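Q: Chains as they are written, first to last, in our numbering: chain A, 1 to 413; chain B, 1 to 413.
FYI, nobody ran anything at the bench for these hints, they're computed from the structure.
Treat the hints with caution; some may be incorrect.
Because identical chains cannot be distinguished in the list, a pair is counted as satisfied if it fits within a single copy or across any two copies.
[Claimed, not checked] Below 25 Å or equal to it, Euclidean Cα-Cα: the simulated SDA-like pairs (lysine to any residue) are:
#	residue 1	residue 2
1	Lys-144	Asp-35
2	Lys-93	Glu-318
3	Lys-363	Pro-291
4	Lys-363	Leu-320
5	Lys-267	Gly-358
6	Lys-144	Asp-47
7	Lys-363	Glu-88
8	Lys-144	Arg-55
9	Lys-144	Asn-45
10	Lys-411	Val-84
11	Lys-107	Asp-74
Since the structure is predicted, the reported quantities are computational estimates derived from the model, not experimental observations.
There are 2 protein chains.
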Amino acid sequence: MIAEILSVGTELLLGEVTDTNAAFLSRQLSEMGIDVFFRETVGDNADRLEETIRRALGHADLVLITGGLGPTMDDITRECTAHVLGLELAEDKPSADAIRGRYDSQKMEIPSHALKQAYVPEGSTVFFNTRGTAPGSATEKGGKTVIVLPGPPHEMQEMFLRSVRPYLRECSAETIHSRVLRVFGIGEPSLEDRIADILKEQTNPMVGIYVGFGEIRIRISAKSASEEEAERMIGPVADELYRRLGTLIYAEGDTSMEACVADMLIKSGRTVSFAESCTGGMIASSLVAFPGISAALTESHVTYSNEAKMRTLGVRKETLEAYGAVSAQTAEEMAAGLRERSGADMALSVTGIAGPDGGTPEKPVGTVWMGFCDENGVTSTCFLFGGDRNRVRRMTMLNALNRIRCALIGKDR
Amino acid sequence: MIAEILSVGTELLLGEVTDTNAAFLSRQLSEMGIDVFFRETVGDNADRLEETIRRALGHADLVLITGGLGPTMDDITRECTAHVLGLELAEDKPSADAIRGRYDSQKMEIPSHALKQAYVPEGSTVFFNTRGTAPGSATEKGGKTVIVLPGPPHEMQEMFLRSVRPYLRECSAETIHSRVLRVFGIGEPSLEDRIADILKEQTNPMVGIYVGFGEIRIRISAKSASEEEAERMIGPVADELYRRLGTLIYAEGDTSMEACVADMLIKSGRTVSFAESCTGGMIASSLVAFPGISAALTESHVTYSNEAKMRTLGVRKETLEAYGAVSAQTAEEMAAGLRERSGADMALSVTGIAGPDGGTPEKPVGTVWMGFCDENGVTSTCFLFGGDRNRVRRMTMLNALNRIRCALIGKDR
Numbered sequence: 001m002i003a004e005i006l007s008v009g010t011e012l013l014l015g016e017v018t019d020t021n022a023a024f025l026s027r028q029l030s031e032m033g034i035d036v037f038f039r040e041t042v043g044d045n046a047d048r049l050e051e052t053i054r055r056a057l058g059h060a061d062l063v064l065i066t067g068g069l070g071p072t073m074d075d076i077t078r079e080c081t082a083h084v085l086g087l088e089l090a091e092d093k094p095s096a097d098a099i100r101g102r103y104d105s106q107k108m109e110i111p112s113h114a115l116k117q118a119y120v121p122e123g124s125t126v127f128f129n130t131r132g133t134a135p136g137s138a139t140e141k142g143g144k145t146v147i148v149l150p151g152p153p154h155e156m157q158e159m160f161l162r163s164v165r166p167y168l169r170e171c172s173a174e175t176i177h178s179r180v181l182r183v184f185g186i187g188e189p190s191l192e193d194r195i196a197d198i199l200k201e202q203t204n205p206m207v208g209i210y211v212g213f214g215e216i217r218i219r220i221s222a223k224s225a226s227e228e229e230a231e232r233m234i235g236p237v238a239d240e241l242y243r244r245l246g247t248l249i250y251a252e253g254d255t256s257m258e259a260c261v262a263d264m265l266i267k268s269g270r271t272v273s274f275a276e277s278c279t280g281g282m283i284a285s286s287l288v289a290f291p292g293i294s295a296a297l298t299e300s301h302v303t304y305s306n307e308a309k310m311r312t313l314g315v316r317k318e319t320l321e322a323y324g325a326v327s328a329q330t331a332e333e334m335a336a337g338l339r340e341r342s343g344a345d346m347a348l349s350v351t352g353i354a355g356p357d358g359g360t361p362e363k364p365v366g367t368v369w370m371g372f373c374d375e376n377g378v379t380s381t382c383f384l385f386g387g388d389r390n391r392v393r394r395m396t397m398l399n400a401l402n403r404i405r406c407a408l409i410g411k412d413r
Numbered sequence: 001m002i003a004e005i006l007s008v009g010t011e012l013l014l015g016e017v018t019d020t021n022a023a024f025l026s027r028q029l030s031e032m033g034i035d036v037f038f039r040e041t042v043g044d045n046a047d048r049l050e051e052t053i054r055r056a057l058g059h060a061d062l063v064l065i066t067g068g069l070g071p072t073m074d075d076i077t078r079e080c081t082a083h084v085l086g087l088e089l090a091e092d093k094p095s096a097d098a099i100r101g102r103y104d105s106q107k108m109e110i111p112s113h114a115l116k117q118a119y120v121p122e123g124s125t126v127f128f129n130t131r132g133t134a135p136g137s138a139t140e141k142g143g144k145t146v147i148v149l150p151g152p153p154h155e156m157q158e159m160f161l162r163s164v165r166p167y168l169r170e171c172s173a174e175t176i177h178s179r180v181l182r183v184f185g186i187g188e189p190s191l192e193d194r195i196a197d198i199l200k201e202q203t204n205p206m207v208g209i210y211v212g213f214g215e216i217r218i219r220i221s222a223k224s225a226s227e228e229e230a231e232r233m234i235g236p237v238a239d240e241l242y243r244r245l246g247t248l249i250y251a252e253g254d255t256s257m258e259a260c261v262a263d264m265l266i267k268s269g270r271t272v273s274f275a276e277s278c279t280g281g282m283i284a285s286s287l288v289a290f291p292g293i294s295a296a297l298t299e300s301h302v303t304y305s306n307e308a309k310m311r312t313l314g315v316r317k318e319t320l321e322a323y324g325a326v327s328a329q330t331a332e333e334m335a336a337g338l339r340e341r342s343g344a345d346m347a348l349s350v351t352g353i354a355g356p357d358g359g360t361p362e363k364p365v366g367t368v369w370m371g372f373c374d375e376n377g378v379t380s381t382c383f384l385f386g387g388d389r390n391r392v393r394r395m396t397m398l399n400a401l402n403r404i405r406c407a408l409i410g411k412d413r
């Protein structure tokens, strides 16, 4: 099946908003084995929108349109879609009832334009909007399908995953189903070495690797008649990858190291504390994004200056003088002192040179020492990260979180 | 002038990369008064790319294409552009020399495909690539112009700002020049009240307001024959806005509260320290992104637990028991204790309820107390932010930075 993606909104053409919907839909369709050859962005102008919908229907079997479903005069996607397809608009009762209910509960009269949002092209499959007002719709005509979705990403994504994906799966005789394994702590060449035979020999399921920031995703995709069958085909390949890579695989699916470690920490009942230098609070802040973390993260410190390292963490002056702030000895004293003072089960420290200045031949920019202390004692590790200041900081953050993850699963490092 | 923007790359259609180039170019062209009615994304396929270039030339006077200028077989933008325009490709000597120089300096032979990147459609204006290999080009034919730019955003943006923007200004008899004032600490309705007459009456220069995250941008755009003339027209309007809004205007142009406060701090020679609760290190981390900040930010603390507030900051147990952790009294004791212990010139504390849980009728989710202490004593302010956990945290961070800014310019708050 060939699809085309249209993004509607003058705010996109003015660059006030970056279009993340098109990338999200591209990713979803690609995972389902649906090809996308063109994407288009058009403003809130009926002639140009209709021209674009007509052209897309000429190229593709399936046209997905996001945006332009709001209540204002500028929102014309539903009217233009119906017009191009030669259909009338019809009210979707559940959506209209939801709108009426919202105004009734506030004892307000419904403004005339509000109910406009409950209309869809007649005969459409309707996708209820659980996070907003305007429903989505899928309209089939002449062997082609037009799917219209709201523009706000959190409404659109939920609607796509809950309703549109199953709808599309039902449409196609064959399905592509994937499982994504997320790998941290190994480079692309070493990973390829370990699984070269699988990458080469597997055709269905097919195995591909994708390099992200600090991590690699391995996607296993199977084509088959049903999702269950695809999962049965994927299982043994995933098992073999787990056998070879073990805990280098830190999670599966649409997640991140931050989300994964926050979740593990909250469930573990253990507490952690950080002493950050070059990351400047980024490690703690990356976890605090997740509700419930206060049970695990009671305190954390940014100790840039030597004076703060001594006073807050108990690092000895002699250590700083003999080895410098960026050293195994300082990192270990930071972690050990932090654990003792905070009473946390695990204490992690980082001290490094994020750049662009401050590097020396012995300790170039990108040098980071990480200390870790728990009931088993204190250890330290040295990293040398390439890239600019913010890459060094983000790589340090991800490796610190991975260190916590390894401790939580009882892996030495 | 009407422009159309084309983004080239199969990785875009697979959703592996989000297209930020299109938004950047949209913003730049809109600021110059050039209209964009369509944007298109197409993969690394010659037929489809040429079809799209032809269609864009039908719609627009100016076509901007990004991506597909690399050395591989998949990179076909230069060939397709030349083919559509009926032109041959010609070597750009400075670019070819730069490529040869790079291989020579490493004493390596030049691979056959490497020099491909130095070619542009014959007769083009060439834009040298200071951050990469492939030059950009502008080719005029039949009253239309096609501009081709590299895909990596840091190469493309630098090339656009340095070379393409001046080129486009020279092409048009009339120029649009803008100045953007960034406003923090006032809502849109109040701002509109204060400058309603200017918004309504000004036509050239025109004044518009744009709501961003936590801030508002006021854009003053003048049409005139030259940039100098435009600046002379903008000056008095900007002066009047400064007269009415004063220090609510925190900066001008393409910057951010984070960059602005980091810069002010580094230049001020003063030191600051933070005690963060709900922000979890985000305030310190937002500043540590900027090199040189270690001179101003010597230490910072995340004190989630009451125990950490007492031990690290010297908050009294009686205060926490009588008023709770989220209170004026606790915020002030955090700031005062932090200033004393850290020795920093300024100490700022935040303690709040970021949600989704933890709210009460008296202290709902979004309640944040901020304490501030300097040589003039200690003060506190209460905020109530709407939105989810991360919005509350980010709004807290921006308001904390603005508090530091106000202190640095000698404004009470």
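Q: Which hints from the list above does the structure break, by number from lowest to highest?
A: 2, 7, 10, 11
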